[in-house]
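Keeping their order, the protein sequence lines are chains W and R. Under my numbering, the first residue of the first sequence is numbered 1, with each subsequent residue one higher. Under my numbering, the first residue of the second sequence is numbered 1, with each subsequent residue one higher.
Simulated from the structure, these hints should not be mistaken for lab results. Treat the numbers as computed from the prediction; the structure is a model and nothing was measured. The C-beta atom is built at its ideal place from N, Cα and C for all residues, glycine as well. There could be a bad hint or two in this list.
What the hints assert, rightly or not - Calculated cross-link-like contacts (lysine to any residue; reagent style SDA-like; alpha-carbon spacing at most 20 angstroms):
hint, chain 1, residue 1, chain 2, residue 2
1, R, Lys17, W, Trp14
2, R, Lys53, R, Leu123
3, R, Lys53, W, Ile186
4, R, Lys17, W, Ser10
5, W, Lys9, R, Leu16
6, R, Lys18, W, Ala12
7, W, Lys9, R, Leu24
8, W, Lys187, R, Leu51
9, W, Lys30, R, Tyr36
10, R, Lys17, W, Ala12
11, W, Lys30, R, Ile32
12, W, Lys9, R, Pro14
13, R, Lys18, W, Ser10
14, W, Lys30, R, Tyr42
15, R, Lys53, W, Gln204
Claimed, not checked - Over 12 angstroms on every C-beta distance to chain W, these chain R residues come out as not near it, computed from the model:
hint, residue
16, Leu16
17, Gly68
18, Phe74
19, Ile104
20, Val106
21, Leu113
22, Ala134
23, Leu135
24, Ile146
25, Leu151
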Amino acid sequence: MESNEISAKSIAMWVGAALLITIVLVGVVKFAGSKEGTPGENPIVAGLVPVSEKDWVRGASTGVATLIEYSDFQCPACASYYPLVERIVSDYSDSVRFVYRHFPLGQHAQARGAASAAEAAGRQGKFWEMYRLLFEGQSEWAGNPTAEKTFESYASQLNLNMEKYRADVTLSEVQDIIQTQYEGGIKANVNATPTFFLNGRKLQNPAGYEAFKQLIDAALATSS
Amino acid sequence: MKRLSNSLMPPLQPVLKKIGWALLAVSLLGFIDAAYLSAKFYLGETPTCFLLKGCDVVTTSSYSSVAGVPIALFGALFYLAVFVLSLAFLDRRAPKLLKWIGAISVPGFLFTLYLVYLQFFVLHALCIYCMFSALTSTTVFVLALIGMRLLRRTQVNAV
Numbered sequence: 001m002e003s004n005e006i007s008a009k010s011i012a013m014w015v016g017a018a019l020l021i022t023i024v025l026v027g028v029v030k031f032a033g034s035k036e037g038t039p040g041e042n043p044i045v046a047g048l049v050p051v052s053e054k055d056w057v058r059g060a061s062t063g064v065a066t067l068i069e070y071s072d073f074q075c076p077a078c079a080s081y082y083p084l085v086e087r088i089v090s091d092y093s094d095s096v097r098f099v100y101r102h103f104p105l106g107q108h109a110q111a112r113g114a115a116s117a118a119e120a121a122g123r124q125g126k127f128w129e130m131y132r133l134l135f136e137g138q139s140e141w142a143g144n145p146t147a148e149k150t151f152e153s154y155a156s157q158l159n160l161n162m163e164k165y166r167a168d169v170t171l172s173e174v175q176d177i178i179q180t181q182y183e184g185g186i187k188a189n190v191n192a193t194p195t196f197f198l199n200g201r202k203l204q205n206p207a208g209y210e211a212f213k214q215l216i217d218a219a220l221a222t223s224s
Numbered sequence: 001m002k003r004l005s006n007s008l009m010p011p012l013q014p015v016l017k018k019i020g021w022a023l024l025a026v027s028l029l030g031f032i033d034a035a036y037l038s039a040k041f042y043l044g045e046t047p048t049c050f051l052l053k054g055c056d057v058v059t060t061s062s063y064s065s066v067a068g069v070p071i072a073l074f075g076a077l078f079y080l081a082v083f084v085l086s087l088a089f090l091d092r093r094a095p096k097l098l099k100w101i102g103a104i105s106v107p108g109f110l111f112t113l114y115l116v117y118l119q120f121f122v123l124h125a126l127c128i129y130c131m132f133s134a135l136t137s138t139t140v141f142v143l144a145l146i147g148m149r150l151l152r153r154t155q156v157n158a159v
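Sequences are here, hints too, so could you generate the full structure?
Here it is, written out as structure tokens:
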């Protein structure tokens, strides 16, 4: 037997709880959707390794603006930034120089292998082609212990000399390049991927293409 | 309105009342956590990949959703149910409400064990939000267990 009376206390309790849940929901959605950071306020990062001929560079050769990305082929966020970067590089082909550097994270078991595949393809002049295939196909190979096989299929898709590719992937020189870039990232205080540096300043990852474009435009305006 | 039939609604044992409030608080925390993860999922954002953290691996893995519905949403609904039931328990003082919490906390706890297993042994990556949820759902399970034991004891005493 239950009493069906409704006391003021219990009304207050339920209304209060409903309010609380509503506030929590609104707060959570706002917080989850909030974008941190204001552009252009960040200092020049002293530890950032300057661009050299060892780097993979695309876009304007004597760029007014230099965009450096520390990235990991297995990182989902990097894959979601990949199409944005492609658009930036093609839309600003005469004013932005784009540099890709390896920062394979420990929790991504196939990230180093993917970086090696890109480097090995680079030794046959197809770094950027492999870079595209790796990002576009990330869901095919990420977390897959036989990812090396997928990388080989990409290599043959790019008509690489497979014998040379297989030898280059395991080359210690290739591993050294990746490790050096990773350590350079650590020196530049990279602790997450993707991390972008625009003219030496660390960016707060932009929320979309428009936000990215604004950052680039701002950098071009100040440097010209 | 004045309560006339006090005898029909005996005051809750202080310990049971405390358990009710604790369940309310813990389920609210779990709800905030799970709602945050669900919101992130539906906003279509990929968490940035951090050095020494595996949230990206966990929340973007194939285990993170079932038929397009994020696991976190199931979690949010679970915590909301516990929250509403604890509130009802504190309000109506009906033992069966606590038993319902106990009943839903068992599959909740088993599912938590499965998710923790996935993180440790399949994905080899830990997600702090997921581990926090594991903590809250385990707490709900333990509190419900203690509450039910206390109920049984008081019922035996009453007879």
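Right, here's what the structure says about each hint:
The straight-line distance between the Cα atoms of R:Lys17 and W:Trp14 is roughly 16 angstroms, inside the 20 angstroms bound, and the hint therefore holds. At roughly 12 angstroms between alpha-carbon atoms, R:Lys53 and R:Leu123 fall within 20 angstroms of each other, so this suggested pair holds. Pair hint R:Lys53 plus W:Ile186 holds up; C-alpha atoms about 15 angstroms apart against a cutoff of 20 angstroms. The hinted pair formed by R:Lys17 and W:Ser10 meets the criterion: a straight-line CA distance of about 15 angstroms does not exceed 20 angstroms.
For the suggested pair W:Lys9 and R:Leu16, the alpha carbons sit about 19 angstroms apart, so the restraint of at most 20 angstroms is met. Between R:Lys18 and W:Ala12 the alpha-carbon distance is near 19 angstroms, which keeps this suggested pair within the 20 angstroms criterion. Distance restraint check for W:Lys9 and R:Leu24: the Cα-Cα separation of roughly 17 angstroms lies within the 20 angstroms cut-off, and the hinted pair is therefore satisfied. As the CA atoms of W:Lys187 and R:Leu51 are separated by approximately 14 angstroms, the hinted pair is consistent with the 20 angstroms bound.
At roughly 10 angstroms between alpha-carbon atoms, W:Lys30 and R:Tyr36 fall within 20 angstroms of each other, so this suggested pair holds. The suggested pairing of R:Lys17 with W:Ala12 holds, with an alpha-carbon distance near 17 angstroms, which does not exceed 20 angstroms. Restraint check: the Cα-Cα separation between W:Lys30 and R:Ile32 comes to about 12 angstroms, which is no more than 20 angstroms; the hinted pair holds. Restraint check for W:Lys9 and R:Pro14: satisfied, since their Cα atoms lie roughly 18 angstroms apart, inside the 20 angstroms limit.
Restraint check for R:Lys18 and W:Ser10: the C-alpha separation of about 17 angstroms stays at or below 20 angstroms, so the hint holds. Restraint check for W:Lys30 and R:Tyr42: the C-alpha separation of about 13 angstroms stays at or below 20 angstroms, so the hint holds. About 19 angstroms separates the Cα atoms of R:Lys53 and W:Gln204, which keeps this hinted pair within 20 angstroms; it holds. With a cut of 12 angstroms on Cβ distances, R:Leu16 stays outside the contact zone with chain W, its closest approach being about 16 angstroms.
No beta-carbon of chain W is positioned within 12 angstroms of the beta-carbon of R:Gly68; the least distance is around 15 angstroms. Distance check for R:Phe74 against chain W: the nearest CB is about 16 angstroms away, which clears 12 angstroms, and the non-interface claim stands. The beta carbon of R:Ile104 sits about 18 angstroms from the closest Cβ of chain W, which is more than 12 angstroms, so the claim that it is off the interface holds. The claim that R:Val106 lies off the interface holds: its Cβ sits roughly 24 angstroms from the closest Cβ of chain W, which is beyond the 12 angstroms cut-off.
The Cβ of R:Leu113 sits about 22 angstroms from the closest Cβ of chain W, beyond the 12 angstroms cut-off, so the non-interface label holds. For R:Ala134, the non-interface assignment is confirmed: its Cβ lies about 18 angstroms from the closest Cβ of chain W, beyond the 12 angstroms cut-off. With a least CB separation of 18 angstroms from chain W, R:Leu135 remains clear of the 12 angstroms interface cut-off, as annotated. At the 12 angstroms boundary, the C-beta of R:Ile146 stays outside the reach of chain W, the nearest C-beta of that chain being 23 angstroms off.
Against the 12 angstroms criterion, R:Leu151 stays outside the reach of chain W, whose nearest CB is about 16 angstroms from its own CB.
Consistency with the previously given hints is maintained throughout, with no hint failing.
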